[in-house]
Amino acid sequence: MTKGAKRRGGLWAAQRRFILGVSIPTLLYIGGLSLFPLVWALVLMFFDYSPQRVGGPFLGLGGNNPFVGLNHFREMLVGTSMEAQLFRVSLKNTLIFAFAVLPLNLAITLPLAALIESVHDQIKALFRAIYFLPVVTSSVGVALMWGYLYHPQQGLLNAIIRGLGGTPVAWLSDPRATFLGVSVAMWAVIAAYLWQDYGYNLVIFIAALQGIPKEFKEAAMIDGANAWQVFTRVTIPLLRPTLLFVCVMTMLSSFSVFDIIQVMTNGAPNHQTRLLVLDIYENAFRYQNMGWAAATSLVLVMVVMAVTLIQMRLLRTEWEY
Amino acid sequence: MNRRVLTLLLSGLLILGMAGCRPSTGASPEAGAVTLRLWVHQNPTFEAGYQALIDAYHQAHPNVTITMETFDYSTYIQTLQTAMPAGEEADIVQMFGTWVCGYAGRLAPAPADVMTVEQAQQLYYAAPIGGYICDDTLYGLPQEFNIEYGGVLVNRAMYEAAGLTYPPQWETMDDVLRDAQALVQRDAAGVMTVAGFDFISTDPTAFSFLAGILQRGGDYWNADHTGFTFNTPEARETLEWMLSTVTEWQVVDPVLFNDTTNWVGTAFFSGQAAIAYIGPWAVSMGLTDYPDFGEFGYFVLPHVGDEPIFVADSGWGLSVSPNSEHQDIAWDFVRFAAAEPANALQWNITSSTIPAIPENAESAELAQALPWITEELSQLPYGRYLGTMPDRDQVMYQIIYPHILNVLQQVETVDQALAAIDAEANATFR
Numbered sequence: 146m147t148k149g150a151k152r153r154g155g156l157w158a159a160q161r162r163f164i165l166g167v168s169i170p171t172l173l174y175i176g177g178l179s180l181f182p183l184v185w186a187l188v189l190m191f192f193d194y195s196p197q198r199v200g201g202p203f204l205g206l207g208g209n210n211p212f213v214g215l216n217h218f219r220e221m222l223v224g225t226s227m228e229a230q231l232f233r234v235s236l237k238n239t240l241i242f243a244f245a246v247l248p249l250n251l252a253i254t255l256p257l258a259a260l261i262e263s264v265h266d267q268i269k270a271l272f273r274a275i276y277f278l279p280v281v282t283s284s285v286g287v288a289l290m291w292g293y294l295y296h297p298q299q300g301l302l303n304a305i306i307r308g309l310g311g312t313p314v315a316w317l318s319d320p321r322a323t324f325l326g327v328s329v330a331m332w333a334v335i336a337a338y339l340w341q342d343y344g345y346n347l348v349i350f351i352a353a354l355q356g357i358p359k360e361f362k363e364a365a366m367i368d369g370a371n372a373w374q375v376f377t378r379v380t381i382p383l384l385r386p387t388l389l390f391v392c393v394m395t396m397l398s399s400f401s402v403f404d405i406i407q408v409m410t411n412g413a414p415n416h417q418t419r420l421l422v423l424d425i426y427e428n429a430f431r432y433q434n435m436g437w438a439a440a441t442s443l444v445l446v447m448v449v450m451a452v453t454l455i456q457m458r459l460l461r462t463e464w465e466y
Numbered sequence: 006m007n008r009r010v011l012t013l014l015l016s017g018l019l020i021l022g023m024a025g026c027r028p029s030t031g032a033s034p035e036a037g038a039v040t041l042r043l044w045v046h047q048n049p050t051f052e053a054g055y056q057a058l059i060d061a062y063h064q065a066h067p068n069v070t071i072t073m074e075t076f077d078y079s080t081y082i083q084t085l086q087t088a089m090p091a092g093e094e095a096d097i098v099q100m101f102g103t104w105v106c107g108y109a110g111r112l113a114p115a116p117a118d119v120m121t122v123e124q125a126q127q128l129y130y131a132a133p134i135g136g137y138i139c140d141d142t143l144y145g146l147p148q149e150f151n152i153e154y155g156g157v158l159v160n161r162a163m164y165e166a167a168g169l170t171y172p173p174q175w176e177t178m179d180d181v182l183r184d185a186q187a188l189v190q191r192d193a194a195g196v197m198t199v200a201g202f203d204f205i206s207t208d209p210t211a212f213s214f215l216a217g218i219l220q221r222g223g224d225y226w227n228a229d230h231t232g233f234t235f236n237t238p239e240a241r242e243t244l245e246w247m248l249s250t251v252t253e254w255q256v257v258d259p260v261l262f263n264d265t266t267n268w269v270g271t272a273f274f275s276g277q278a279a280i281a282y283i284g285p286w287a288v289s290m291g292l293t294d295y296p297d298f299g300e301f302g303y304f305v306l307p308h309v310g311d312e313p314i315f316v317a318d319s320g321w322g323l324s325v326s327p328n329s330e331h332q333d334i335a336w337d338f339v340r341f342a343a344a345e346p347a348n349a350l351q352w353n354i355t356s357s358t359i360p361a362i363p364e365n366a367e368s369a370e371l372a373q374a375l376p377w378i379t380e381e382l383s384q385l386p387y388g389r390y391l392g393t394m395p396d397r398d399q400v401m402y403q404i405i406y407p408h409i410l411n412v413l414q415q416v417e418t419v420d421q422a423l424a425a426i427d428a429e430a431n432a433t434f435r
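Chains as they are written, first to last, in the working numbering: chain A, 146 to 466; chain B, 6 to 435.
For reference, chain A alone in the conformation it holds in the complex:
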């Protein structure tokens, strides 16, 4: 045996080379494309930084890109600048969007999953495939299709409304139209987003329902429970771990929605559908206001983290079946 092949730390030299060979590219990839941008964003949020301006000698920081400390965060809270006002509007819209999408999504997917679960296995697969199709459809395509449906003059929805003798609605462009205190445009994009997204949760719920032992339901029925009682008192409690996962994932995707909004409304009318990710995108890549966009990104991360922790606290389970 050669000198280099000596065993060290429980590993042979060849094993160490293999481990280094496969892990170094991965670490470089993660470091370069995730860690570095993350650290850079953490630095930028304390600067009024724009790559358009020629800043100081070190990474363009300083000089025309001055250090501003926590000014961005102070401005977000109490500032009167256009960026600050749009940030607050976007944050409010994002919360409305996320907290509307989650219950609506659950209200559609959970009963639908229970219905599909109750049909024959062969038909079940067909339904699953049909409902999952929008999930794998391009968001831009979905946005364009819904845009046509909502078209004020030629859209299908208004054609139906006209046919029924009603007054057509400018679904995506009327800033004065509201429903339950939320703009109609926001409800319209929520509907489009739900249509695209609900298949994902549906498949998860179907899988979870299949995992619940039949004995639990049978025992409840022997004790005299009807179908509704079995669903609400046996099935749903046993779905709690799945519910937690679905709630967290739905919230995460709702907070980060971008493409469907940008194509359908681009934040219009009157910023009523402007969500935080769109706000960050506009500031960062349209107006090169990178420092502000980085600070906004941190706020979004904090909001998402807080909502996720609350969900985990409320829906946690300490049992298995």
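Hints may be right or wrong, so weigh each one.
Stretches of chain B that chain A covers, calculated by requiring three or more beta carbons in the stretch to come under 8 Å of a beta carbon on chain A [as the list claims (entries may be wrong)]:
(1) 56-69
(2) 189-203
(3) 386-395
(4) 399-410
Note that these hints are calculated values from the structure, not bench results. These numbers come from a predicted model, not from an experiment. Virtual Cβ for every residue (Gly too), placed ideally from N, Cα, C.
Take the given structure of chain A and dock chain B to it, following the hints.
Here is chain B on its own, set in the frame of chain A:
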């Protein structure tokens, strides 16, 4: 050191040495083979114009190959903003004149043998050359007079169907609005299906607002151009007039006709707008998308006040990267494309744009090729440069237009909008 390492080291040195033997940056168009990159934003007619210029230049200088790389408009802005600080832009970049001073530190000044500031001011109209001169230094050459003010497309069939005289005979804006009222069409539910006069789009709305201020005797710049003055009686009068077109004249529905819902160019060429306020550059785009569109005319709107004073962007043109290894050839191409009148005119005709060179604007060849443009020519001497703003697109598209749209959609009052425009536009000076 073993033999393999030594071989690798020597090979590396050899490659480095060869890299150092590239042609010098002082190569002339007649020197060895040279390849330059040209960046432009995507617009089929503009691209066709550039390709013709590239082919003509290659014919004159067979050793020079210019490759055109295109980006859609918003991607182009982002690409410029990120590539320039990194020094990775193309040798020649298409610039919108009004942006140029914002990038001046990252663009190559024009060499005196290409053109001096004085020569440029003599060759071009004031508005288009204005944006290319920053601190008395020339940073590129304009190719077009980017006029967004005052011109409208008129649908002849709709005019005749409404029993109106064609071509229109307008003396005042009231004449325009009277025609527009007769041209409005609604469906059984009362929804506007054809706008009589559609002016609600970013550029037409913003530029007619600025022209309205000037023609009423006001100004949106303070005395030394260090801030904006939007909250003025002249601005209020202009905005109130715009609102009256919606509330009193009812010639356009701002909810159904705006930049997001139904862009004015598309609305006109798809038969949803009878009179559409837009720059002449939209004509060739519209005819490309709607080749079977019937007869139309391009007419100039009456002005308010004594003279049709208006402001214009310093339009599209070409600049050179200071990082180009062949700046001299790049500048030679820019001069060939934008300063040789015959070439510049061909580009204008292909792209359906108004020439930046007066001699070309007044040429019979242009009048024959683009008859609708001739209507605009009488206005050109009244055009002023918009002025160098900290962020022109933000001021025009994120501040002025959205607030005016809010007023027209009646979710903001005139006073609220003017106060907001004034405060937000001035906040861009930071």
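Broken hints, by number: 1, 3
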